[in-house]
Amino acid sequence: MTGAPPAAAPPVRYRVTARTAETADTASIVLEPVTDALPPFAPGQFAMVYAFGVGDIPLSVSGIDGHRLTHTVRAVGAVSRALHGMRPGETVGVRGPFGTAWRLPDTPGADVLVVAGGIGLAPLRPLVERTLAAHRRTGGPAVLVGARTPADLFFAADVERWRTAGARVLTTVDRPDPQWYGEVGVVTTLLDRAAVDPPRTTAYLCGPEVMIRAAARAVVHRGVAPDRIHVSLERTMHCGTGHCGHCQLGPLLLCRDGPVVTWSQAEQLLSVREL
Amino acid sequence: MTSAPAATAVIDRAGLDALIRVLAAHGRTVVGPTVRDGAIVLAELASGEELPYGWGVELEAGHYRLRPRPDGAAFAHSAGPNSWKTFLHPQRERQWSADRASDGGTAFRTDPPPTVSYAFLGVRPCDLRAIAMQDRVLTGGPHADGRYRSRRSRAFLVAVECTEPGATCFCVSMGTGPAAGPGYDLALTELVDEDGHRFLVRAGSPEGEQVLAELRLRPADPDTRDEAARVVREAADRMGRTMPPVDLRALMRDTLDAERWDDVTARCLTCGNCTMVCPTCFCTTAEDVTDLTGDHAERWRRWESCFDLEFTHLPTGPVRSSPRSRYRQWLTHKIGTWHDRFGSSGCVGCGRCIVWCPVGIDITEEAHALNQERRTVADRQEMP
Numbered sequence: 001m002t003g004a005p006p007a008a009a010p011p012v013r014y015r016v017t018a019r020t021a022e023t024a025d026t027a028s029i030v031l032e033p034v035t036d037a038l039p040p041f042a043p044g045q046f047a048m049v050y051a052f053g054v055g056d057i058p059l060s061v062s063g064i065d066g067h068r069l070t071h072t073v074r075a076v077g078a079v080s081r082a083l084h085g086m087r088p089g090e091t092v093g094v095r096g097p098f099g100t101a102w103r104l105p106d107t108p109g110a111d112v113l114v115v116a117g118g119i120g121l122a123p124l125r126p127l128v129e130r131t132l133a134a135h136r137r138t139g140g141p142a143v144l145v146g147a148r149t150p151a152d153l154f155f156a157a158d159v160e161r162w163r164t165a166g167a168r169v170l171t172t173v174d175r176p177d178p179q180w181y182g183e184v185g186v187v188t189t190l191l192d193r194a195a196v197d198p199p200r201t202t203a204y205l206c207g208p209e210v211m212i213r214a215a216a217r218a219v220v221h222r223g224v225a226p227d228r229i230h231v232s233l234e235r236t237m238h239c240g241t242g243h244c245g246h247c248q249l250g251p252l253l254l255c256r257d258g259p260v261v262t263w264s265q266a267e268q269l270l271s272v273r274e275l
Numbered sequence: 001m002t003s004a005p006a007a008t009a010v011i012d013r014a015g016l017d018a019l020i021r022v023l024a025a026h027g028r029t030v031v032g033p034t035v036r037d038g039a040i041v042l043a044e045l046a047s048g049e050e051l052p053y054g055w056g057v058e059l060e061a062g063h064y065r066l067r068p069r070p071d072g073a074a075f076a077h078s079a080g081p082n083s084w085k086t087f088l089h090p091q092r093e094r095q096w097s098a099d100r101a102s103d104g105g106t107a108f109r110t111d112p113p114p115t116v117s118y119a120f121l122g123v124r125p126c127d128l129r130a131i132a133m134q135d136r137v138l139t140g141g142p143h144a145d146g147r148y149r150s151r152r153s154r155a156f157l158v159a160v161e162c163t164e165p166g167a168t169c170f171c172v173s174m175g176t177g178p179a180a181g182p183g184y185d186l187a188l189t190e191l192v193d194e195d196g197h198r199f200l201v202r203a204g205s206p207e208g209e210q211v212l213a214e215l216r217l218r219p220a221d222p223d224t225r226d227e228a229a230r231v232v233r234e235a236a237d238r239m240g241r242t243m244p245p246v247d248l249r250a251l252m253r254d255t256l257d258a259e260r261w262d263d264v265t266a267r268c269l270t271c272g273n274c275t276m277v278c279p280t281c282f283c284t285t286a287e288d289v290t291d292l293t294g295d296h297a298e299r300w301r302r303w304e305s306c307f308d309l310e311f312t313h314l315p316t317g318p319v320r321s322s323p324r325s326r327y328r329q330w331l332t333h334k335i336g337t338w339h340d341r342f343g344s345s346g347c348v349g350c351g352r353c354i355v356w357c358p359v360g361i362d363i364t365e366e367a368h369a370l371n372q373e374r375r376t377v378a379d380r381q382e383m384p
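From first to last, the protein sequence lines stand for chains L and P.
If you count the first sequence from 1, position 176 lands on 176 in full-length UniProt numbering, and the numbers rise without skipping.
If you count the second sequence from 1, position 100 lands on 100 in full-length UniProt numbering, and the numbers rise without skipping.
I should point out that these hints are in silico values taken from the structure, not numbers from a laboratory.
Built from N, CA and C at the ideal position, the CB exists for glycine as well.
Mixed in with the good hints, there may be bad ones.
Said to hold, decoys possible - Chain L stretches covered by chain P per the calculated footprint, using a threshold of three residues with CB under 8 Å from any CB of chain P:
(1) 56-63
(2) 197-208
(3) 242-249
(4) 263-274
What the hints assert, rightly or not - Some but not every residue of chain P turned toward chain L, in silico, with C-beta under 8 Å:
(5) Arg147
(6) Ser150
(7) Cys306
(8) Thr312
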């Protein structure tokens, strides 16, 4: 018997202990178990987070600290709006951990390239933290971040800390404002300055599907092997346990076989329109 | 395959009534075919009287009619509008509930597992395989559906081999019939001829043997056994439909961009009937409801169809917004990518999706057309 939670099991109670507004529509909520905790989450995995009476949605973990979980949620639908509006002291239900995790490089000392678009930075944050912890003696990861506007950039304090710890963090926005002196353009324009050695590089990509496609192709073009490019994909999920069928992408059930898959698995599937 | 003679017997119509009584006496809810609303449906049976004696069916794409049969046979009909998933994987089921206390805390409560013990009478070989496929989907992965499993593990299956395939049947193409495969507790073969109306019965499990032991039986004579084998064997030659004799999984993989999808989409209403009547379609949606106090919430699971636009809802819009992509999803999953995830095809050849399609779309015709298109494209490419 595995430690996997049974299907149709009720959520486990977690209390919101902190909330940070990240942007105008995005907030991070820190959750601690009320009594029993779920099994440990790994970076890249997701939870189904339930707001009372509204429903639950899949949310990747954006922070892992023992049994304390952080989720970064953008208010776009009924459930995400309810979770976004949660205040410390309120209770949510959590199911999980579900899905595949980011696989850290097999070889120590490999170059790590992280490419994030918008909210896609959230599932990558625990990966960056782990990479920095593992890479203390070598070069830190290259982290490329794209956002729509400067106001949509978040995790600013983390980014400063990552830079201090040796990460090379580059940011760009689609639409600058008068105060923006940084890069303008899609995130792939930062690749030339990532300073990674493609044959020794493992890449991690998360963001809108169109960004993932463009970034993965650009990274492959620079010489990174497709099976060393890890991408996190998004599909509708209701059960998290592989039974509801919503998250199917060709031969994959993304709640179980994903959300993290390699580009060698995803490339052909994402090239078929509306698969 | 022939069973050991010791495990076989012959019962008549009274014996079938007795079988139902024995199963009910064991505390089982006996479900079987019966005539209702102009169709042969699966429903709870109070006695053998309710079986559809003397009724057959006339099937075509988008067409279903009951037809009286002078021979009085009970099981000389093929798949009806519902299937056993209605009972094992019900259309709507509560999964858990939540109550909010005055201090803001929430208590989650799971419903006790279902305790119903079904006896399914008249499980067609195709449907027997369909049940095995749903077993694989719902209990074969890392997270088992405990509610399904508790119903399934208690269910007693009485298969009835097919002797009268319908015009929309193609179980032979899918390798699921007309003879009963493994998984039954008892298997019946109905015979109506000059020697009378009788059923060859054989046990497929210790529990089946135990039930047989409680019935008054006359042992099966060699003639009856031979005759039963013959009618099932001959039924295999009377399938109304076939699938193209190619690797369907590869066919689906090779034709994702075929023009045929546009042709079928011009007819498909995306109503989802095919997914509702399919005995293996398992997709569900989560429904959250609250009562009027707002302090009691429930999570329900109900059948959902991949033809529903909301099925692939994302904040950016549905992934499969075109009807073309939704029909393609259904067919390529059913006979293609089902292999990748569950180790077999997801189609058993029962023909329900053909019969209950309001515009008569025929899964076998579509597969043949895709195969033809693939061949034509390949021929064109080979030309200098």
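Hint by hint, where does the structure go against what was stated? Just the numbers, ascending. 1, 2 and 6
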